[in-house]
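K.L.:
Spelled out, the chains give:
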Amino acid sequence: MHNSSRRGFMGKAFGAVAGIGAVGSLVAMKKSWDPLPSVKAAGFTTLDMTIYPEGELVTEKWRGKPIFVLKKTAEMIASQTESQKARDVVVGDSHFMIAIGLCTHLGCIPGYNPAEKSFLCACHGGMFNWAGEVTKVPPPRAFDIPPFKIEGNNMILGEVGPEFQAMKDSGITL
Amino acid sequence: MKNKEPLILVIVIAFALLTYWLVEPFAHSQMHKHVEGKNFAYADLPALTKVGNAANGKELTMGAAGCTGCHSIIKEGAPAGMDPVTAAQSYGVNPPDLGEAGVLYDAKFLAELIKNPAHALKVEHKFDAAKGQMHPMVAFYGAGGDIDQEVADMVAYLQSIAVKKDELTPKMAYENACGRCHEMRYEKWTQIGTKPSFKFEKDLLAFDIQVLEYQNALTAYMGKLPPDLSMYIRSRSEHFLSTFIENPQAHLAGTAMPRVGITADTAHKVIEHMANSGDTKRDERASIGTNVMWYILVFAIFAFLWKRSVWRDLH
Amino acid sequence: MAHFTKATSVKDWLNQRLAIEKVEKVMASEYWIPKNINFLWAMGMVLAITFALLLVSGIFLLMYYQPHVDLAFDSVNFTIMREVDFGWLWRHVHGVAASVVFLVIYIHMFTGIYYGSYKKGREMIWISGMLLFVTFSAEAFSGYMLPWGQMSYWAGMVITNIFSLGDLHLNGLVEWIRGDYVPAQAFLSRFFMLHVLLLPLAIMGLIGLHFAALRIPHVNNQDGEEIDFDAESKKYLAGDKAGSKVMRFANDFMSKDLMVVGIFLIFFFYLVFYNYGFALDPVNFDPADMLKTPAHIYPEWYFLWSYEILRPFSVNIGLMAFGFAQVIFVLLPWLDRSPNAVPASRRGAFKVWFWLLLIDMIVLTAMGKLPPEGIFSTIGLVAALAFIVLWVALPFITMNEKKV
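Residue numbers (my numbering), protein chains in the order written: chain A, 1 to 174; chain B, 1 to 315; chain C, 1 to 404.
The hints are simulated quantities; they were obtained by calculation from the structure and are not laboratory data. Ideal placement from N, C-alpha and C gives every residue a C-beta, glycine not left out. Treat the hints loosely; a few may be bogus.
Stated by the list, open to error - What the simulated footprint calls covered on chain C by chain A, stretch by stretch (three residues with Cβ under 8 Å from a Cβ of chain A suffice, anywhere in the stretch; the number is not a length):
hint, region
1, 78-84
2, 145-155
Claimed, not checked - Partner residues aside, some chain B positions facing chain C, computed with beta carbon under 8 Å:
hint, residue
3, 4
4, 5
5, 15
6, 17
7, 187
8, 195
9, 197
10, 198
11, 200
12, 294
13, 297
14, 300
15, 314
16, 315
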């Protein structure tokens, strides 16, 4: 009896040691699936904010996603509501609508209608205005704003600056 | 019954080791010429007999000796006369900036290089003055005084402006001593400098064309394009790299690669930079290796204990 | 239709549908193994573990490898070696395991030859094993192409040229194999497919056949003893574990298998971390250059003996000798005319034959790597001739062997 219990114990002990090895190799396997350093390093895009024409939508690219950049005209700025103003990104004297150009419903790219200065998502009919707010459901919230940091006339997408942090803290963007 | 397992194990190991020895150490000793390093002593070059004066050296370097006609010394305010591509098209290879020459190169080598470039570089088989084949670097024939003193002064000047030995990084060593001929793609290094990241493809293509123009000139000058060294730490042994850098002719008689005349310290750093390109995970490999070896030892011990407990009833 | 009752437990539920208890008995607890065997009988498990290591490391390499002539080299040496976390580990494990697996295969094979384990109903074990050797060889060769270094390219060039079959000049066949005039994109893509799909499938199927072939004749033993497995297993099950000549595969023999695996893995991981150069040839860290052949080209060590049989002769004879070397091992059960399935040590002339063959193959291996000059090419020629003579002589020296 003593013998067989010892055998059972040794079998379990060996199984535990082998299990530790298996878990260790799983850690290595998990890490092999992580995004590569080159992917992470490419996650920062610098935009020169002086080049954008007023009242025209320009699409930039950041982390493989479209970024809508719209430099607001004087009338737009004058007509903004408080909540629209809160979404403004100000660089120097210029006011911008900066947003990840993906519908917050399921991630399609909404088309821009320059005449009406509004966005229509063809997938499920969601609409946004030029400030990025939802004007027609299903999108659950306004366009998301990418993390940004302002350095002089440049904007670095991917880094978190105080202006972005404030927007995030007040719940304007996710 | 006698347990034959130890004998069988010895036989298996003996045959495996014999085969290994034959196909690895022995075969490689027969395939490759063995070249012994000489510790970068450059014993064939004459020692400096004079003590140099850096101030005089500066005047000579910037003036009478005409060095800055082709070489830049950016840190001393002497700019390059041409961009790298035009320089390569004029001379075959872009003449190096001399800012760190004093720390990179052996003093005897520098002195000989100034007086007789083809001899110092061991490329006299390519550049025979008697046949009118002039080395693109013009030899210094003296500025009117004692030539040995003048050369010593210039060497002293170059040493005085270079960074200290321990401030020379592996990257600096590589880029200065090797980087004008050898690309290193994995470190984004081209013969005309580090490749920037471009937003527009047009700028990228324009840069690539510059590199190609440079490489064409270099290929014409060297006979073939010197190889990219990104993976050389794995494709050549460290011993080979070290002895090849010390004297390329010893391995490959007639090669167009010049002896570059770097010090043992610089060579060590150049090789370290190659490891930083082609073997970046070597420290991780060593530390994980230790942990895995300990683990597998414990695994084997527990497997043995389990076997012993299972087999107790079988005999 | 079978009758199903309400299950009393998960095990019972599965048992009614999959007969797991029966399967467990057949595969493990009542799969009977003779007691008089030594650690050489654990090589099968060592091979299974090594194959598992190849499979797992291969899966991770496959996630980042790019089978394109412009990208392959960098995807291996930059992406996998520098970028992917633990990518270097998968590559070193894969490369070293691919080399070591052949060492174990050769030990396994020579164990079979020494103990006569290809005779008396065990012919299918031998044949399926030799088919595994051939598919593993093809797997190793196709994998060797993938990093697209200098050795990959020139090995691809030389080995595919063998299929022109000398004076038959079957250049059309060579081009068909390559899909191009030289090894290029089509060649790399199809060898990638062979390496990651077709050959692994074939190997897994053959491993199943190899195990199945073992089930009826049972494994051999180190004394050439004929064991009555039915009687001995009854004795074991009746409680006389010590008196029975057999033991269970699991846990009895498996515990020893895993002990040997543990010791093997110490050796294996030492190679992976500290001595991997023999398996990852330095020359293959130079990118493929179709205008420059490396100064020395040679196959990986496990192909050297057959390469050396090809090399010392003129092209046609060399190819015939090479073809002879490829098929002759498969015929061993019929070339050995002796009625004895006992260890070589008790078989007189066969014992001499065995050791001569082993030494001759080691000599061929060594000469296959050395430059074919001077004394080395003479030794190579003699060893190649000796290999042929040994096999031709085998039926004659075993014909008159006395029954022991």
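K.L.:
State for each hint whether it applies.
P.N.:
Results of checking the hints against the structure:
1. 78-84: holds (count 3)
2. 145-155: violated (count 0)
3. 4: At about 6 Å, which falls below the 8 Å cut-off, the nearest Cβ of chain C leaves the hint on residue 4/B intact, so it holds.
4. 5: holds, 5 Å
5. 15: holds, 7 Å
6. 17: violated, 11 Å
7. 187: At 10 Å from the nearest chain C Cβ, residue 187/B fails the 8 Å test, so the hint is violated.
8. 195: violated, 14 Å
9. 197: Nearest chain C Cβ about 16 Å off; hint violated.
10. 198: Given a least distance of 19 Å, the restraint on residue 198/B is violated.
11. 200: violated, 23 Å
12. 294: violated, 10 Å
13. 297: holds, 6 Å
14. 300: holds, 3 Å
15. 314: holds, 6 Å
16. 315: Holds, because the Cβ-Cβ distance from residue 315/B to chain C comes to roughly 6 Å (cut-off 8 Å).
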